[in-house]
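Hints given; two lone chains; assemble the complex.
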Amino acid sequence: MKFSSLKTMPHNVIRDTLKSIERNNLMSAASVLSVIAALIILGIFLILTINVQQVTKDVESKLELKVFFQSSYTEAQKSTIEDALKNSSMIESVNFESAQEALDKFTVSLEDYAPLLSGYNSQNNPMPASFIIRVKDPRDLQAVQTLAMTFKDNGVEYVRYGQEYVEALVTFNKFTNTLSIVVLAVLSLISIFIIYNTIKLTVFARRKEIGIMKYVGATNAYIRAPFILEGTLLGLMGAVVAFLIIRIAYYYILGLVGGNLFLPVDASLASPDVVMTQLVFFFLIYGGFIGAVGSVFAIRKFLDV
Amino acid sequence: MIEFKNVTKSFEKNTSDALKDVSLFIDKGEFVFLVGRSGAGKSTFIKLLLREIDATKGSIYINNYNVANLSKKEIPYLRRKMGIVFQDFRLLESKSVYENVAYAMEIIGKPEKQIQKRVPLALDMVGLSHRINHYPHELSGGEQQRVVIARAIINNPSILICDEPTGNLDPETSYEIICILEEINRRGTTVVVVTHDREIVDKMKKRVLTLEDGILKVDDATGRYGYEV
Numbered sequence: 000m001k002f003s004s005l006k007t008m009p010h011n012v013i014r015d016t017l018k019s020i021e022r023n024n025l026m027s028a029a030s031v032l033s034v035i036a037a038l039i040i041l042g043i044f045l046i047l048t049i050n051v052q053q054v055t056k057d058v059e060s061k062l063e064l065k066v067f068f069q070s071s072y073t074e075a076q077k078s079t080i081e082d083a084l085k086n087s088s089m090i091e092s093v094n095f096e097s098a099q100e101a102l103d104k105f106t107v108s109l110e111d112y113a114p115l116l117s118g119y120n121s122q123n124n125p126m127p128a129s130f131i132i133r134v135k136d137p138r139d140l141q142a143v144q145t146l147a148m149t150f151k152d153n154g155v156e157y158v159r160y161g162q163e164y165v166e167a168l169v170t171f172n173k174f175t176n177t178l179s180i181v182v183l184a185v186l187s188l189i190s191i192f193i194i195y196n197t198i199k200l201t202v203f204a205r206r207k208e209i210g211i212m213k214y215v216g217a218t219n220a221y222i223r224a225p226f227i228l229e230g231t232l233l234g235l236m237g238a239v240v241a242f243l244i245i246r247i248a249y250y251y252i253l254g255l256v257g258g259n260l261f262l263p264v265d266a267s268l269a270s271p272d273v274v275m276t277q278l279v280f281f282f283l284i285y286g287g288f289i290g291a292v293g294s295v296f297a298i299r300k301f302l303d304v
Numbered sequence: 000m001i002e003f004k005n006v007t008k009s010f011e012k013n014t015s016d017a018l019k020d021v022s023l024f025i026d027k028g029e030f031v032f033l034v035g036r037s038g039a040g041k042s043t044f045i046k047l048l049l050r051e052i053d054a055t056k057g058s059i060y061i062n063n064y065n066v067a068n069l070s071k072k073e074i075p076y077l078r079r080k081m082g083i084v085f086q087d088f089r090l091l092e093s094k095s096v097y098e099n100v101a102y103a104m105e106i107i108g109k110p111e112k113q114i115q116k117r118v119p120l121a122l123d124m125v126g127l128s129h130r131i132n133h134y135p136h137e138l139s140g141g142e143q144q145r146v147v148i149a150r151a152i153i154n155n156p157s158i159l160i161c162d163e164p165t166g167n168l169d170p171e172t173s174y175e176i177i178c179i180l181e182e183i184n185r186r187g188t189t190v191v192v193v194t195h196d197r198e199i200v201d202k203m204k205k206r207v208l209t210l211e212d213g214i215l216k217v218d219d220a221t222g223r224y225g226y227e228v
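First to last, the protein sequences are chains R and V.
Sequence positions in the first sequence follow numbering that gives the first Met the number 0 and run 0 to 304.
Sequence positions in the second sequence follow numbering that gives the first Met the number 0 and run 0 to 228.
Next up, chain V with everything else stripped away, as it sits in the complex (with noise of 0.2 Å):
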């Protein structure tokens, strides 16, 4: 669950603010798409779920916390309960597959046994069992991204973070990734991807928020983009 409720962001070398009085909420399970144009304050909305940044006006809610009141030892465990997708996938060159997705779950101390476990579970999730063992730059940009996906859901969070997940692949490649979303969030993890994928955006025909000039233009329903380009 996710909910701003009038969050302004301005940043001192701007004159205009990143967000201005955004409320939004998102309900648990509920699959999401964020859209704007480049500086409609998409990157500034993720910084904020993180707690990268803090709101200069307003506040935030995840799964019922104020992220604002989070002391700076607390902001790992929240970050605990989300998983993040990003556009350029930050895999780690010198370790594998496994190992990547494994990584996640070695620095917030799980045991040994339960990555053995977990670790091929994800993997077979996002199709990759058969690139368990294989390094990153063997990998195509789609299958790198599945290993993004399963490193962001091996901790099971409640919610998954998409930034551009879709940025650097060919359409059809791009389906493929969005519907590896979609079946993680019939299993209950709520799901927000931001995007400006037009085609993608209409195929899914999910909820959909749309950021123009840091103003939340549209919040429509039924998936219909919020501007045209």
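Bound-form chain R, shown alone (with noise of 0.2 Å):
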């Protein structure tokens, strides 16, 4: 719509365009009805979503690489690992841990329990001296493992990662992603259609000034302008109340759950209030926007004379 047509809009057109929505108030209601159910179930998929993604880029980002040596191995073969490791584009960072080191820490880790190691010293430690590898691309770790395994017997015992749960993560980020296009998609068919039969009955109980309009000579643009006003003010007015459902929801099962994800991952969820905002953008601009195609869609038809 050209932004002329909107300057020399009446300014009564708002007012028109309540009457309007108040005089097809069951087919309104109806449409702003659809475009919440449509919104509460996508945002539903989009807060899964955001999670998970969430939880994914955690969990990569704590994700190391280690290269446990063979207990044989020699400063020699250490020092050509090392070289040939820090050589490598994709790695962040080399870190060495040494089998006391390895030992210190898993006793700590025991708290309570730690004297059950008691009796091992440096003499008889059973724990490996290691690398622990940070990579700058978590998509890399595969790579990175067989350049490490090159050293297999030349010092390295074995490699390992959190290889699982990356892969799993992975495979539901997919799944996730995928079905939330799709849900994104048929929802916003169907209301597209609800708003366009709104929009269409306002259209036809109009049809006599639209085609007074047609003959004094009004633009298509000016003409089109209250109604893709109506739709979209319905849109908007669907998001508006669908955003407050879920929001009210969201706090209230974050405070059952209480943060615990029953993951056997270290991640946290997303932000509440990051969650929140991106989806009240979303939601208002995706109410906006259906309410307006549907309008565009409804009217075509009578602008034709």
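To be clear, the hints were calculated from the coordinates, so they are not data collected in a lab.
Ideal Cβ positions, reconstructed from N, Cα and C, are used throughout, including at glycine.
Some hints could be false.
[Unchecked claim] Derived list of chain V stretches under chain R, where covered just means 3 residues or more per stretch with a C-beta under 8 Å from a C-beta of chain R:
id, region
1, 74 to 84
2, 100 to 107
[Stated by the list, open to error] Each computed DSS-like pair below joins lysine-lysine, with the alpha-carbon atoms no more than 30 Å apart:
id, chain 1, residue 1, chain 2, residue 2
3, R, 207, V, 202
4, V, 116, R, 207
5, R, 85, R, 61
6, V, 46, R, 207
7, V, 80, V, 112
Right under this line is the structure:
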């Protein structure tokens, strides 16, 4: 729509739009309800997606790769391996953990059960020394593992990282993304269709007016504007109500769960405030958009005079 | 100024053409009647002028512009050069007389001050100053048609097209309406009246174009009806 036609719109357009929504109150209510229903379902999927992404990112960033040394490794082997790793562009940092440090760490982590390890000392230490490697991109973990494994039996015993978790999370992440897109598409079509029908009623009720406007020389943009405004308003109303419902429900559920994720990895959920900010923007844009699209389709036929 | 050059209009559904090779010229400031039986092509003529439909063959000029060359976006601006009066009035029932006339100015973006000045003038011209705050259902047919005329001329069109303006009115009221149209014509507006109101045509002694089965049969400057009823 051209800006010039907005400027010249009579000031009573908003009043007429509200009047029209009131006149079609039943269909208008149905439209708003359908947008609310669609957005609540979408909101659930969106929150799920945002959180799964957050958890995946969190877990990935914490992932480290451990290269365990053979108990018989030599200093020469250690420095050869260290040089090879440090020359790789995939690697962020390489830290050495000696057998003694590993034992100390393990002792600390056992807390009350630490005395179980009291029989071990530097002479009979069962813990291997290792390099703890952080990679720049979690997707390179596999490649770094392969690189480190080239030194197997030349000082390296084995290499490992939380492979299973990462793969499961990445798969789940892809799944929720795809599902969200499918749900988004289906629900959008339904909502657009219902808004389309509502606006069609409005257009039909005002077809005489549209005819007169056309004969007096009103531009299409000018004729279209109030109907698009009405559809957009219906979409926005649905968005606001849906957001409030989702917001109340989400904080309530978070309170019940208390941040406990029941996940076998150490990761945190996305901050609720961040999720809600993303959600409110998405809802408003989406609600307004489907309202406008439905209206454009509804009025197209009647503009053809 | 309206000019038709060998205009033919055929519709897919019908075997015979709605207009057949029609050529005519209506000069600026003329008052012309267009007569003919139902189905003679009168409605097609009006629809072509408004570019609701396109001519199949030939070309149409309005104020020296070839109508066929206008893009869809330019059509509203063509229509602003023409005022239209309908047989069935087409007033908005929910708006008062003043609002109905003001509406035509509002939708082409005229400033409020200009609207407040011009609407009473136009209503005065059609003799409806005393009905300014009434609603269409409170008016007689003749009064409603006067509102329509006021609405059609409010934006100073160069051409006024009237589609059976007296079709729903009694003879006396019809004559009053035609006299208003004549007054508008005297002020310089080209007026085209499509009608089959024989009495009016005979009385006015204006130029008469007669359409018969899509053909321009008679173009008589002295006001004789081109066919016998």
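Status of each hint after checking the structure:
1. Remark: the region 74 to 84 of chain V is confirmed as covered by chain R, as 6 of its residues place a Cβ nearer than 8 Å to a Cβ of that chain, reaching the required three.
2. A count of 5 residues in the region 100 to 107 of chain V with a Cβ less than 8 Å from any Cβ of chain R is obtained; the coverage claim is therefore met, three being the minimum.
3. This hinted pair does not check out: residue 207/R and residue 202/V have alpha carbons roughly 34 Å apart, beyond 30 Å.
4. The straight-line distance between the Cα atoms of residue 116/V and residue 207/R is roughly 27 Å, inside the 30 Å bound, and the hint therefore holds.
5. Between residue 85/R and residue 61/R the CA atoms are separated by roughly 20 Å; this keeps the pair inside 30 Å, and the hint holds.
6. Among the hinted pairs, residue 46/V with residue 207/R is consistent with the structure: their alpha-carbon atoms are about 17 Å apart, no more than 30 Å.
7. For the suggested pair residue 80/V and residue 112/V, the alpha carbons sit about 22 Å apart, so the restraint of at most 30 Å is met.
Hint compliance for this structure: hint 3 is the single one not met.
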